[in-house]
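For the record, the sequence lines run as chains A and B.
Just so it is clear: in the first sequence, position 20 is 20 by our numbering, and no numbers are missing.
Just so it is clear: in the second sequence, position 96 is 96 by our numbering, and no numbers are missing.
These aren't lab readings, by the way, just hints derived from the structure by calculation.
Fair warning: there could be bad hints in the mix.
[As the list claims (entries may be wrong)] Sample of chain B residues with no beta-carbon within 10 Å of chain A, all distances over it, derived: (1) Pro8; (2) Leu11; (3) Val15; (4) Thr28; (5) Asn32; (6) Gln38; (7) Ala66; (8) Asp71; (9) Thr100; (10) Thr110; (11) Val111.
[Claimed, not checked] Here are a few chain A residues that face chain B, going by a calculated C-beta distance under 8 Å: (12) Pro40; (13) Arg43; (14) Leu47; (15) Ile49; (16) Gln51; (17) Lys55; (18) Leu84; (19) Thr101; (20) Pro102; (21) Phe105.
[Unchecked claim] Listed next, the in silico DSBU-like pairs over lysine-lysine satisfying Cα-Cα at most 35 Å (straight line): (22) A:Lys107 x B:Lys80; (23) A:Lys107 x A:Lys70; (24) A:Lys73 x A:Lys55; (25) A:Lys55 x A:Lys107; (26) A:Lys78 x A:Lys55; (27) B:Lys80 x A:Lys78.
A virtual CB, placed ideally from N, CA and C, is assigned to each residue, including glycine.
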Amino acid sequence: AQTVTQSQPEMSVQEAETVTLSCTYDTSESDYYLFWYKQPPSRQMILVIRQEAYKQQNATENRFSVNFQKAAKSFSLKISDSQLGDAAMYFCAYRSPRGNTPLVFGKGTRLSVIA
Amino acid sequence: SQTIHQWPATLVQPVGSPLSLECTVEGTSNPNLYWYRQAAGRGLQLLFYSVGIGQISSEVPQNLSASRPQDRQFILSSKKLLLSDSGFYLCACDRGPGNTIYFGEGSWLTVV
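Let the hints inform the model, and build the full structure from the sequences given.
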């Protein structure tokens, strides 16, 4: 079974600085999907960014970008120019392309942004 | 894109009482539907998922059950709540393995 590991339970960053959140996963599949979700204090899960494993180019969404290293099974999230509104729990997730298998989540990283 | 509605948003129930959390989806048809639970300070645990009306898969044996009486309606139930059922419950949906899973606003359940 696939597993997702987020080794940093908590991180902090100064406002306007850059921070990188780590995620590794374990799978025997060659094609799959990876996601980063943000969970602010409201607790709603918000999609931040998505990456298809067959795409070599790293996904980017405004200030959010990923460093996808398929061979290393690593999928880190970089947040540039951090803002106070970025403070949240961030979850890395894996999805198999097979059938209707659900997301597999990591345990999350709590990001604090210091003004 | 799809919109997911959950209710109630907050619920305080005594131990031993029944539970019904509802989730409806707009903007898509024949979605896959999911119930996740998030205990305080912890990650997300998949409870149930459904690929169609009346089709429910349970991931974790527990005091809860799920039903899908209509294509875009997913209900989480319990006949007798336990203290350990307290948590934040999230309904989610997608349109297949290549598609992103989207989440509702969540429901806070406190069992007292």
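Original post:
Hint by hint, which ones does the structure fall short of?
Top reply: Hints 5, 6, 9, 12, 15, 16, 17, 18 and 27 not satisfied by this model.
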